[in-house]
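*Asks:* Chain order of the listed sequences is Y and R. Residue 1 is where the first sequence starts when you use my numbering, and the numbers rise one by one after that. Residue 1 is where the second sequence starts when you use my numbering, and the numbers rise one by one after that.
Honestly, the hints are just simulated from the structure, not real lab data. Take these hints with a grain of salt, some might be off.
[Unchecked claim] Think about it this way: if two alpha-carbon atoms lie no more than 27 Å apart in a straight line, the pair counts; the simulated DSSO-like pairs of lysine-lysine are:
#1 Y:Lys507 with R:Lys515
#2 R:Lys512 with Y:Lys508
#3 Y:Lys83 with Y:Lys44
#4 Y:Lys512 with R:Lys507
#5 R:Lys83 with Y:Lys508
#6 R:Lys508 with Y:Lys515
#7 R:Lys512 with Y:Lys519
#8 Y:Lys508 with R:Lys348
#9 Y:Lys62 with R:Lys34
#10 Y:Lys519 with R:Lys62
#11 Y:Lys519 with R:Lys83
#12 Y:Lys83 with R:Lys83
[Said to hold, decoys possible] Label-pair ranges, simulated between beta-carbon atoms:
#13 R:Gly168 with Y:Gln353: 51 to 61 Å
#14 Y:Met41 with R:Glu154: 27 to 37 Å
#15 Y:Glu346 with R:Leu133: 31 to 41 Å
#16 R:Arg421 with Y:Ser132: 54 to 64 Å
[What the hints assert, rightly or not] Computed, partial: chain R to chain Y, Cβ under 8 Å:
#17 Asn24
#18 Lys65
#19 Lys66
#20 Leu68
#21 Met72
#22 Arg76
#23 Met80
#24 Lys83
#25 Pro110
#26 Asn111
#27 Gly130
#28 Pro136
#29 Asp138
Ideal Cβ positions, reconstructed from N, Cα and C, are used throughout, including at glycine.
Below are the chains, spelled out letter by letter.
Protein chains: 2
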Amino acid sequence: MDLPDEDTIRILITTDNHVGYNENDPITCDDSWKTFHEIMMIAKDYQVDMILQSGDLFHINKPSKKSLYQVMRSIRLACMGDKPCELELLSDSSKVLGYSDFTNVNYEDPNFNISIPMFAISGNHDDATGDSLLCPMDILHVSGLVNHFGKVLETDKICLSPLLFQKGKTKLALYGLQSIREERLFRTFKEGGVTFEVPTIRDGEWFNLMCVHQNHIGHTNTAFLPEQFLPDFLDLVIWGHEHECIPNLVYNPIKEFNVLQPGSSVATSLCDAEAKSKYVFILEINYKQNKSQPRLIPIPLTTIRTFKMRNISLNEIPFLKPHDKESVTKYLIGQVDEMIDEANKETKEKLRQNGIEIDQMNQDDDLNELSITIPLPLIRLRVNYAGPTSSNKSNSGSGTITNSRIIVNDMLDYQVENPRRFSNRFVGRVANSNNIVQYYKRKKPTVARDKDKNAGPSNDQVGNLSVNNNENSNNNGELQIELLVNDLLNKMQLSLLPEVGFNDAIKKFVDKDEKTALKEFIDKELDNEVDLLVSSGQFLDKENPEDIKVLIKEVKRANTSRKKSVLSSHIASEEDSVNVNRVLPDDPSFTRKSLDKIDIVSRRSFKPTELVSSVDKTLKMQSNSIFRKSSPDSIVISDSDENIQSSDNDHIIMSGDSDDNRGEDYSKQKSSISNQSFTRRKNKLTGKLQASNSSKRKVAKTPRTDILESFLAKKRR
Amino acid sequence: MDLPDEDTIRILITTDNHVGYNENDPITCDDSWKTFHEIMMIAKDYQVDMILQSGDLFHINKPSKKSLYQVMRSIRLACMGDKPCELELLSDSSKVLGYSDFTNVNYEDPNFNISIPMFAISGNHDDATGDSLLCPMDILHVSGLVNHFGKVLETDKICLSPLLFQKGKTKLALYGLQSIREERLFRTFKEGGVTFEVPTIRDGEWFNLMCVHQNHIGHTNTAFLPEQFLPDFLDLVIWGHEHECIPNLVYNPIKEFNVLQPGSSVATSLCDAEAKSKYVFILEINYKQNKSQPRLIPIPLTTIRTFKMRNISLNEIPFLKPHDKESVTKYLIGQVDEMIDEANKETKEKLRQNGIEIDQMNQDDDLNELSITIPLPLIRLRVNYAGPTSSNKSNSGSGTITNSRIIVNDMLDYQVENPRRFSNRFVGRVANSNNIVQYYKRKKPTVARDKDKNAGPSNDQVGNLSVNNNENSNNNGELQIELLVNDLLNKMQLSLLPEVGFNDAIKKFVDKDEKTALKEFIDKELDNEVDLLVSSGQFLDKENPEDIKVLIKEVKRANTSRKKSVLSSHIASEEDSVNVNRVLPDDPSFTRKSLDKIDIVSRRSFKPTELVSSVDKTLKMQSNSIFRKSSPDSIVISDSDENIQSSDNDHIIMSGDSDDNRGEDYSKQKSSISNQSFTRRKNKLTGKLQASNSSKRKVAKTPRTDILESFLAKKRR
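Could you put the whole structure together from the sequences, leaning on the hints where they help?
*Replies:* The following block contains the structure:
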């Protein structure tokens, strides 16, 4: 492809590359980074002016050295070079990159020779965690290979400042918003906590582009980002997080902007949405175009493994009988064989189009030979094994069975082979030979059910986007951490640790592999509780340990009742509550050649009197006042983060002292979790409490670390 | 400091920065990277031409995002800039960096503006692991911030090629050798497997500098790198790995080279060697100098936490009685108080020298206030609690007691307080308030004992280097993995898995946090064993499972006896067996301005007839022949790596099949470890064995993953 003309900004758009996905699998281990490399090479070939990545570049937020290495290698190969980047940066990048030590965009840093700058936001998979709140994108940013933008430091007060670019006569304002927990972001939008800054000069000349990484359509009332929340001065929204590729712009007639959902570049779950073709996109923006019709070129990705999916209801197959396991198995094998053939044909066709011809002999002759020369396909066969006459409604939707033999609780259901045993027949012919087949039981016809699931609430929403949220729709028998924890808490009488925060800490420990999450959580709880006790004058007067116990019980009781009332639900209304700040710069005469950065917003912009909104101003004011009225209690919707962060944690944990006479077992337990913090706290108290406390203490059991470790082991399997 | 003159190559030398050490500790978490930053800033201030790092830049081989971020940030701030690097590269760097995708040294890459190139080797802590054999230095290399040299791909055939630099009239040949397992490297040297390439032109004009990262002095016969092994054409060896800083060049009169042991920049263990002052070094090389006397300037590091260590034998204190626990505790508290005062004085003096004056009021007034303004010291008090008259020799050296109360097996020993309880008194005044005191019991006077330990075999060696190997000397009650594993193996009858390889895999799992190490090990074993069975014609004939069992038992018996004979010890002799290859280039006329890289060695150089050794050639030939004579068996000295890698693993593990009727528990166990591999193997066998095997199979128990996870948890605590 030729160079873009002097007024055209050409952008490569990709998202959800999930580099590192399945990297321990012997067959698919390299899929993710190889596709990422292909994408980077496309960017280079097309000589784009910029690469935009809309989150989840990495599959986990602690990428392996291999993932990091491959990503850095590909970016270095694609983005560095002598070709000058023709984008002129018109704004002060430190407003966007100010969180970092390196506030300049990389292509303006004199120490790097960047020909294609890459701009990326962090997603929910590669989010910032730990003490230092660093995400993998920060590593790439400090290395100078990527510009990590859209970083949010306070989730309840978000100010989005654009990066302003110009090439020839075309102007681009680029906004980014990192992935934020859905309910949190929803609330912040509803409360008017999100402010967009817009350039005030050359109004209307800017193409306003925004990258987000959120659920596109809600699974609960508040667990998504409604398009209505976004301001209508935007021209295009790049929507990361959703893995289904929709290879065209979808126009939102109410907000008058386009939405592009590029989808993932690797299939991370074997569902309908991921079975569709995968693309990256070249976007061309030119000042002569109608802004609602930028040029979009989908580029099919050639390194994607062919993925075939099929749904079968056994009760629709006339010649199969429920008790005849052998025939059912035979039939299913036939189905898989067909799918493999289809997939291989498709793969070969793809390879042929890219100039790779598969040997004719191989094609007809030997299937094993063939499987060596072309990449093995991913195959998923979903089988409804519900019997033809069983109509027990309470059984419908009883879930899928993957790891154990099907327990025949309804004698009329079809007998099927163990799924792993079934799948293993196809070793060497498919890439996922452990989980080809997935059994489920449902009375409704399969087709209706799937439509139901995937396109569910889309009619309420603008556009007809069908959605796959790979976090929520995962019903492959994954462990539900919350259930396990609650179960544990019930069994172990851990009533003094706040449940919500505990769940959150365990989630971090399991999902994000944050080894210190539990220790930090318990340390913080202990700190809060000791502070509470120390600051209570009432407490310090008491010398009798029994009185102290009574005090603690009271605090605990008060807490429990308060917490219940806080969890009342909050009805989501759909008003627009986005703030858009506009400020006239001191010098309104704007010349393109001026080297001074445009002052987008100054301190003054936060005064409400100066707000000039391009969206419905009165509506915004109304909505603000609506939310001011509601009581603070009713706003909290299962918002565990805040409960941990705030200092009003008032459950009390009492831990034993370090008397040598205690049982060895207990002391190990204690030291494994919060030894240091405890002893620190203890010393704080020692002066005043030593005499009264050393005699009797109630020991609250804390969960043993190896239980948690075994969760981890299960999860990782 | 002024710029070095036009003929002087100025090098900053550092090693063992261990960035990330103790990074979860609330007090010392930032010590390691802050000191690394100080070092980088020294490099910048002194305007050095090059930074040399001799291994263990990171404390672990999977550094946290924070460690990676801080290191990259410091390097980017120090090493990038407009000042041109005045070193001229005269050799083809792809001979050294050829393992990478980026074979150019970073300061010659047109895409980076490097003013100070950094060259680093990988140590034993940041070594390469995993599938992709990547170490953290590879990440830094691909980012363009560091030149990762000294990488060895085959440990039994090492060819060391130098990077050749010139500045003005001074020439530098730089060699690097990554950390290699001690016994392995020892053997490779002994077998003549290490070859040094040397430039053949302008012979004698080169300053030959080498970086290594090995034990300096042996703890066993072969677990170190003797200086004698290194060729005597070298002028200076930078010795990483040893944490004691020896702030001067140590001349080896036999080899006629200097050795510099820079030591670590953060104390990773509280022992004598780490209590010494810590420095980095500026080395200046000039062609006018005598090569054995380069200019060396030690730069004291100011961000190092003051560390005071004291040894006490309670039986030398006349007024203390063994049964008087209270007085002993009081005395020890007094000792620690003294040490804290000493340390604080030293810290203040250091700060004063760096222009930071501690408020006079604070100094005398309030100790708590003081501790906020100056960094808390590290304090270690070693206490010999052996009683005055106890002379039970079998008790001497019974080890230290850290976590549990001392069990008084000798009534005459001094009664002492629980060490953690004792240490916790000093919270807020010392940085290591969990482990200030360390009790041990030993009849010999303390001073002699410590000399014994630290300076042990140094008299046999050249120079008078006292040594601390922080891996081996750790007697803080750390878990001995081998013992645990052997214990487990005995209990669980895991006799079919080779013990050596199993130990190694668990070490990787625990020490290096390689989650797939066990899976990979068992997969490999299974592969080998199935291959063995399949390839055995005898086996395939048998239809009776009993006969198969007999066959397996035979193989196993044969193995066990073979393995024992292999483990015979190997007497280390101290001959020099280094190969030095010299090759005349096609064009012997060498001009400085010639842009052609010097051809150091061509393919021809490997022919023995062309070897021209600068070291004792005849000796080398002799030594080669000596080692050829010894039988291959007798060379293997606890060399577990090779046992895993080689395909002659002949222990057999039989695993159960996936019959649905098996217990749930067992199937979980199995799938957690080697599900995929097993089923793959199984399918391989299915065709021929299905009939005979499906009836009976002996299940060998494999250890459950959560046991290992709990090791991990203990280790990390």
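*Asks:* Each hint should be assessed against the structure and marked as holding or not.
*Replies:* Hint by hint, here is what the structure shows:
no.: 1; hint: Y:Lys507 with R:Lys515; verdict: holds (19 Å)
no.: 2; hint: R:Lys512 with Y:Lys508; verdict: holds (22 Å)
no.: 3; hint: Y:Lys83 with Y:Lys44; verdict: holds (11 Å)
no.: 4; hint: Y:Lys512 with R:Lys507; verdict: holds (24 Å)
no.: 5; hint: R:Lys83 with Y:Lys508; verdict: violated (45 Å)
no.: 6; hint: R:Lys508 with Y:Lys515; verdict: holds (18 Å)
no.: 7; hint: R:Lys512 with Y:Lys519; verdict: holds (21 Å)
no.: 8; hint: Y:Lys508 with R:Lys348; verdict: violated (41 Å)
no.: 9; hint: Y:Lys62 with R:Lys34; verdict: holds (22 Å)
no.: 10; hint: Y:Lys519 with R:Lys62; verdict: holds (21 Å)
no.: 11; hint: Y:Lys519 with R:Lys83; verdict: violated (47 Å)
no.: 12; hint: Y:Lys83 with R:Lys83; verdict: holds (23 Å)
no.: 13; hint: R:Gly168 with Y:Gln353: 51 to 61 Å; verdict: holds (59 Å)
no.: 14; hint: Y:Met41 with R:Glu154: 27 to 37 Å; verdict: holds (32 Å)
no.: 15; hint: Y:Glu346 with R:Leu133: 31 to 41 Å; verdict: holds (35 Å)
no.: 16; hint: R:Arg421 with Y:Ser132: 54 to 64 Å; verdict: violated (32 Å)
no.: 17; hint: Asn24; verdict: holds (5 Å)
no.: 18; hint: Lys65; verdict: holds (4 Å)
no.: 19; hint: Lys66; verdict: holds (4 Å)
no.: 20; hint: Leu68; verdict: holds (5 Å)
no.: 21; hint: Met72; verdict: holds (5 Å)
no.: 22; hint: Arg76; verdict: holds (7 Å)
no.: 23; hint: Met80; verdict: holds (4 Å)
no.: 24; hint: Lys83; verdict: violated (11 Å)
no.: 25; hint: Pro110; verdict: holds (6 Å)
no.: 26; hint: Asn111; verdict: holds (4 Å)
no.: 27; hint: Gly130; verdict: holds (7 Å)
no.: 28; hint: Pro136; verdict: holds (7 Å)
no.: 29; hint: Asp138; verdict: holds (6 Å)
When the structure is compared with the earlier hints, violations turn up for hints 5, 8, 11, 16 and 24 and for no others.
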